[in-house]
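Model the full assembly from the supplied sequences, consistent with the hints where possible.
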Amino acid sequence: MFYNPKSRRQFLVGSGKAFLALPVLESLLPRWASAQTSTPERRFIAVWLPLGGFNALDLYPTYAADVPTALYSNHTIYQTALRLSPALGAISKIYSAALNPYLAKLNLIEGLDCPIGFNHGENTFLGHYRYLRGGDSVRGGQMLAMYPDVASIDQFLAYSKKFYPQIPVRRSVNGTSGFLAAGRMGLLIPGDPNSGSTQLSPDRTPHKIFDDLFGPGTPALTSSGPSASQLQSKTLIDQVLGDLKAVRSGRLISGADKVKLDSFATEMQELQQKLIATSAVLPMCSKPTTPTDNLTIDDIGSNMDRTTFYDLYTSIIAAGIKCGRTKIATMTGGNNIESGSGNLHSWGHDGKTDDVANTMRWTLENVFVPLLRKLDVDEGGGKTYLDNSLMIFGNDNSKIHKSWSRPILTAGSAGGFLKTGNYVDYRQRGVLTKLAYYGTGNFPAHEMYPGILYNQLLVTALQAMGLTPADYDRPGILGYSGAALIDNDPTSGTSGINLATGVHAHTHCLADAGKLLPLLVKA
Amino acid sequence: MKRFMLNLQILTALTLLVLPFQNCAPYRAKVMQENDQSSVQSRASFQCDSNAAPSENTQRRLNKVEYRNTLVALLKGLSAADVSAITASLTEPLSSIPEDIGVKFDRSDSQISQPHVVGYLYVAQSYAKLLTTSLPRAQAFFGACATQTNMDDTCLTRFLTDKAARIYRRPLTSAEVATLKADYASYSVDDRNYWLLTRMLMSVNFLLHLENKGSLIAVEVYAISPYELANRLSYYLLQTMPDQELYAAAADGTLQTEIGFQRQLVRLTSGTFAPKIQSLAGEFYSAWLGFDQVPYPGANPTAAYMAMAAGESLSRESMVREIKNLTDYYTFQTSGTVDDLLTSDISFAQDRDLAGIYKVAPWNGDPTNLIKFPKGERTGLLTRAAFLATPSAQTNPVMRGVTIRRNILCDEIPPPPDSVMQQLRTPDLDRSMTTRERYAAKTGSAFCMSCHSQINPVGFALEGFDSLGRYRTTEKIFDSDGTLLNSLSVNTSVQPNITTADSTNSSDAEHFNILVAESGKVQACMVKQYFQFTFAREPDLAADGCTLQNMLDDVAGPSGSLKKLFTNAPQSKNFRLRHVH
Numbered sequence: 020m021f022y023n024p025k026s027r028r029q030f031l032v033g034s035g036k037a038f039l040a041l042p043v044l045e046s047l048l049p050r051w052a053s054a055q056t057s058t059p060e061r062r063f064i065a066v067w068l069p070l071g072g073f074n075a076l077d078l079y080p081t082y083a084a085d086v087p088t089a090l091y092s093n094h095t096i097y098q099t100a101l102r103l104s105p106a107l108g109a110i111s112k113i114y115s116a117a118l119n120p121y122l123a124k125l126n127l128i129e130g131l132d133c134p135i136g137f138n139h140g141e142n143t144f145l146g147h148y149r150y151l152r153g154g155d156s157v158r159g160g161q162m163l164a165m166y167p168d169v170a171s172i173d174q175f176l177a178y179s180k181k182f183y184p185q186i187p188v189r190r191s192v193n194g195t196s197g198f199l200a201a202g203r204m205g206l207l208i209p210g211d212p213n214s215g216s217t218q219l220s221p222d223r224t225p226h227k228i229f230d231d232l233f234g235p236g237t238p239a240l241t242s243s244g245p246s247a248s249q250l251q252s253k254t255l256i257d258q259v260l261g262d263l264k265a266v267r268s269g270r271l272i273s274g275a276d277k278v279k280l281d282s283f284a285t286e287m288q289e290l291q292q293k294l295i296a297t298s299a300v301l302p303m304c305s306k307p308t309t310p311t312d313n314l315t316i317d318d319i320g321s322n323m324d325r326t327t328f329y330d331l332y333t334s335i336i337a338a339g340i341k342c343g344r345t346k347i348a349t350m351t352g353g354n355n356i357e358s359g360s361g362n363l364h365s366w367g368h369d370g371k372t373d374d375v376a377n378t379m380r381w382t383l384e385n386v387f388v389p390l391l392r393k394l395d396v397d398e399g400g401g402k403t404y405l406d407n408s409l410m411i412f413g414n415d416n417s418k419i420h421k422s423w424s425r426p427i428l429t430a431g432s433a434g435g436f437l438k439t440g441n442y443v444d445y446r447q448r449g450v451l452t453k454l455a456y457y458g459t460g461n462f463p464a465h466e467m468y469p470g471i472l473y474n475q476l477l478v479t480a481l482q483a484m485g486l487t488p489a490d491y492d493r494p495g496i497l498g499y500s501g502a503a504l505i506d507n508d509p510t511s512g513t514s515g516i517n518l519a520t521g522v523h524a525h526t527h528c529l530a531d532a533g534k535l536l537p538l539l540v541k542a
Numbered sequence: 009m010k011r012f013m014l015n016l017q018i019l020t021a022l023t024l025l026v027l028p029f030q031n032c033a034p035y036r037a038k039v040m041q042e043n044d045q046s047s048v049q050s051r052a053s054f055q056c057d058s059n060a061a062p063s064e065n066t067q068r069r070l071n072k073v074e075y076r077n078t079l080v081a082l083l084k085g086l087s088a089a090d091v092s093a094i095t096a097s098l099t100e101p102l103s104s105i106p107e108d109i110g111v112k113f114d115r116s117d118s119q120i121s122q123p124h125v126v127g128y129l130y131v132a133q134s135y136a137k138l139l140t141t142s143l144p145r146a147q148a149f150f151g152a153c154a155t156q157t158n159m160d161d162t163c164l165t166r167f168l169t170d171k172a173a174r175i176y177r178r179p180l181t182s183a184e185v186a187t188l189k190a191d192y193a194s195y196s197v198d199d200r201n202y203w204l205l206t207r208m209l210m211s212v213n214f215l216l217h218l219e220n221k222g223s224l225i226a227v228e229v230y231a232i233s234p235y236e237l238a239n240r241l242s243y244y245l246l247q248t249m250p251d252q253e254l255y256a257a258a259a260d261g262t263l264q265t266e267i268g269f270q271r272q273l274v275r276l277t278s279g280t281f282a283p284k285i286q287s288l289a290g291e292f293y294s295a296w297l298g299f300d301q302v303p304y305p306g307a308n309p310t311a312a313y314m315a316m317a318a319g320e321s322l323s324r325e326s327m328v329r330e331i332k333n334l335t336d337y338y339t340f341q342t343s344g345t346v347d348d349l350l351t352s353d354i355s356f357a358q359d360r361d362l363a364g365i366y367k368v369a370p371w372n373g374d375p376t377n378l379i380k381f382p383k384g385e386r387t388g389l390l391t392r393a394a395f396l397a398t399p400s401a402q403t404n405p406v407m408r409g410v411t412i413r414r415n416i417l418c419d420e421i422p423p424p425p426d427s428v429m430q431q432l433r434t435p436d437l438d439r440s441m442t443t444r445e446r447y448a449a450k451t452g453s454a455f456c457m458s459c460h461s462q463i464n465p466v467g468f469a470l471e472g473f474d475s476l477g478r479y480r481t482t483e484k485i486f487d488s489d490g491t492l493l494n495s496l497s498v499n500t501s502v503q504p505n506i507t508t509a510d511s512t513n514s515s516d517a518e519h520f521n522i523l524v525a526e527s528g529k530v531q532a533c534m535v536k537q538y539f540q541f542t543f544a545r546e547p548d549l550a551a552d553g554c555t556l557q558n559m560l561d562d563v564a565g566p567s568g569s570l571k572k573l574f575t576n577a578p579q580s581k582n583f584r585l586r587h588v589h
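From first to last, the protein sequence lines stand for chains A and B.
Take the first sequence: its letters are residues 20 to 542, numbered as in my numbering.
Take the second sequence: its letters are residues 9 to 589, numbered as in my numbering.
Calculated directly from the structure, the hints in this document are not laboratory data.
Computed from a predicted structure; not experimentally measured.
Note that the Cβ used here is the ideal one computed from N, Cα and C, for glycine as well.
Hints should not be assumed to be uniformly reliable.
A few chain A residues facing chain B, derived, Cβ under 10 angstroms [said to hold, decoys possible]: (1) Thr217; (2) Asp222; (3) Ala239; (4) Arg270; (5) Ser273; (6) Val278; (7) Lys293; (8) Gly449; (9) Asp508; (10) Gly533; (11) Leu535; (12) Leu538.
Listing some non-contacts, in silico: residues in chain B with all C-beta distances to chain A over 10 angstroms [as the list claims (entries may be wrong)]: (13) Asn77; (14) Leu129; (15) Ser194; (16) Lys221; (17) Asp436.
Lysine-lysine pairs mimicking DSS-like chemistry, simulated, CA-CA at most 25 angstroms apart [as the list claims (entries may be wrong)]: (18) Lys221/B <-> Lys581/B; (19) Lys277/A <-> Lys253/A; (20) Lys277/A <-> Lys393/A; (21) Lys221/B <-> Lys277/A; (22) Lys253/A <-> Lys137/B; (23) Lys253/A <-> Lys189/B.
In structure tokens:
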């Protein structure tokens, strides 16, 4: 069990003592050995947009997932082979022809619903259900009361010793368009799943990611030993740790001060280990072009066009993965890639589905597919980097400004963990629920079928990355982050709660929240 | 970015919309007792034991604002163009450091996480690189004797006794000088200056407010050193390192004399520093009064909301701006008091939308041209739209009550039990009942009232204002389609029990505000909050009683004023002491 009942204070005291007692041993220095192992390295990549509001006709194929395949959570679920919509020459208007070469490696999923009936679910996309942006006091309070303060799954993986037996050059890359930074929730004390979460600052410039993955102080690509710059960095941190030790053993340092200093030392130690990480020589690894300047997402439009910017971004990320410097990359899209006036949020409110669709397709074609293409190269054993990865593309909202039937496209089989080439529909057809965010205005009322809980994608992703439930389960918490149903007051007319019965449309599938996605996981 | 997380923590308090079930009772005795103590203390002053040691405080890191300001201050001596260019180039590295989120005040966040140290290294390397990429910059920073990459021993010694002391904000010990010289020698000759500066900026001596040089004056109590005092003073008032004059006063010992200390305090709170004090006050008011909790009216414009608004709109920015104007006026443009805040009949609405809500002309910002509210409609801080508005068609008296109890009166309101939390519902609409009546009915059981007896009256007293903050004498009831179902008279008479000992009734919001002001609880609450803001720890009523009382005298004494609270806090004896356990 990963659940650890130790208090944060105990953790700090313990780790600090360990720091003070043990020297840094050269023999413990991490080594990347991915090319030497028989089990392929698995990687997790997610690209998503916040706050959608789609026309379902833009999102899904012109054909339906129409083969009733199984009875699941007391309702029939459907499946079909993923193929092109004949009239479009592509899967759909949004899932455009850029995906055509990869059909066999994709899954299109309909009917994954967030258990929180809420319209700003950016953080829930990667599995953090406790802190959501804005919102009213009722549901905000319910989230605080009913959901644990967990890291998003990318950050949980980033500090999992099973996923990263050795500390990588960088645990994760957290890209963003700049519109919204939400989604990646780190742990206050990395490695301590009970320490509480903190919103991570995104990587806003490709140059910074490049420096972290390939710049001074990182392992040389042609040698398995630490570079001179790395050794200098190691020395520097040793010197800084020396200052800490001197202060700690000096005058006027209370017990509480020592806890604080020990925590500081622990973080410095981890930083040091990152700085001296070395790399085996990997066949498909080649250093990307060094960015020529420090352009950030804010420069898009003025000093750099969007396509060039994201090409740089994705090239560095793909190289980082192929060179074994990281195994996690997440990327949010948004304002910088929109086509009209306003933004994703306002379009979601206003029902401007064309603008949302164009932005979603642009992100697919300029961020997700380039990453996919750059990773679909041989990694050995007849598999590509893509095959050994799980890539997810989606939006935290769907055809309404809310998180039901969230659009999810996956790519890669995570080293054979997942079946691919499928279009699955988990919705409980015939049970219409009125869920319009706005009952008035120019955004028409929508009715939707309830599906199964989004948590099942989270646990599938975690297990696809090699974890088991024992690694992430917490007592009484299902589906990694929990699956308590929260929704609008049924009298609002926009709730998943049936006004007459008081029963939520997802009540019947709560018990399955911790299970793997049906139909998609290999036996 | 991270602010919304804190908002939601605060919103826990606001989730007491309805407590339809039991579980309040176990809290009642404790809550009433604690809130009673608070009120008694506020009226009868805090207990001051001059022999009590201050409560313990731990070493803290520089918060993000302090960290940035200090890096910029260290550039003194470089050309204005270089300072500007380096400052601009640091924007990106600085963005990699997590934003501060304190329990109540962000400036007190002392968490150090991996993203912090990674960010510190990124900033330190960027900073060092920027200062070693040209000879003029390197010489301006390291000394005229330096090259871009190196210093000889004499030059290094001079740097370590001069500039390095500014980086550590105190003179280095001989042992530290020796260590840094040895470290310097270990670096590649190609870039020793770069590595030395990076190393110093990563040191605990730079990153933390280290206070470990004081003198023992009583058991576990130390008078902080002159340099530590200079740092406390400067970071508290200005959020940056001591300037040259303050540093010199620490060096020559005059800062430890009463005259010298007072001279520095006056200097740092007036003249060119005055705007900094306004900024300090603004930061405090924003956190204390919860500017970030002010809602976005119309965020969910249902048909009922649109019908209620009747064409009027209101922006969050307008409401926040008014509170800023109000607090700024009574703190800095006149010698205002807390009572003034609580009873002012002047509109500070500069934006047309809010002025429209108040039915007054927009204020042009001229303190000699103040605009009063229509007589008999509203007075005081608590009747401003920022405290009244909700994003829905109906008011939420429970939310209003909880906000005021917790934020303004510092009352302990326990969170609802989980069983209640999971079943929160607004009371069902009923065309024959006002909002007050619906909430009263839903929370009417004896058990619920063990908590709601404190919450509801405060909210009910403000039912003379709709969910846009407009004054009203009748409440319009709309159904979900926006159809007007009924108009009912509102009742604002309550027995608010601001203190448990006070059973006075109030008839309307104006009378209610007077009771709030007279209770003294707001003054006491403000002082306790300000203590936490100043000292980055919650006050211990026994250990910190004298400091709290001094602050209370500053803000609520016979010659007290709001401004004094901000400028006089360093006068406290405890400001110069540290308790080490």
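Here's how the hints hold up against the structure:
{"no.": "1", "hint": "Thr217", "verdict": "holds, 6 angstroms"}
{"no.": "2", "hint": "Asp222", "verdict": "holds, 8 angstroms"}
{"no.": "3", "hint": "Ala239", "verdict": "violated, 16 angstroms"}
{"no.": "4", "hint": "Arg270", "verdict": "holds, 5 angstroms"}
{"no.": "5", "hint": "Ser273", "verdict": "holds, 5 angstroms"}
{"no.": "6", "hint": "Val278", "verdict": "holds, 8 angstroms"}
{"no.": "7", "hint": "Lys293", "verdict": "holds, 8 angstroms"}
{"no.": "8", "hint": "Gly449", "verdict": "violated, 26 angstroms"}
{"no.": "9", "hint": "Asp508", "verdict": "holds, 6 angstroms"}
{"no.": "10", "hint": "Gly533", "verdict": "violated, 20 angstroms"}
{"no.": "11", "hint": "Leu535", "verdict": "violated, 28 angstroms"}
{"no.": "12", "hint": "Leu538", "verdict": "violated, 32 angstroms"}
{"no.": "13", "hint": "Asn77", "verdict": "holds, 19 angstroms"}
{"no.": "14", "hint": "Leu129", "verdict": "violated, 6 angstroms"}
{"no.": "15", "hint": "Ser194", "verdict": "violated, 6 angstroms"}
{"no.": "16", "hint": "Lys221", "verdict": "violated, 7 angstroms"}
{"no.": "17", "hint": "Asp436", "verdict": "violated, 7 angstroms"}
{"no.": "18", "hint": "Lys221/B <-> Lys581/B", "verdict": "holds, 18 angstroms"}
{"no.": "19", "hint": "Lys277/A <-> Lys253/A", "verdict": "holds, 23 angstroms"}
{"no.": "20", "hint": "Lys277/A <-> Lys393/A", "verdict": "violated, 48 angstroms"}
{"no.": "21", "hint": "Lys221/B <-> Lys277/A", "verdict": "holds, 16 angstroms"}
{"no.": "22", "hint": "Lys253/A <-> Lys137/B", "verdict": "holds, 18 angstroms"}
{"no.": "23", "hint": "Lys253/A <-> Lys189/B", "verdict": "holds, 18 angstroms"}
When each numbered hint is compared with the structure, violations occur for hints 3, 8, 10, 11, 12, 14, 15, 16, 17 and 20.
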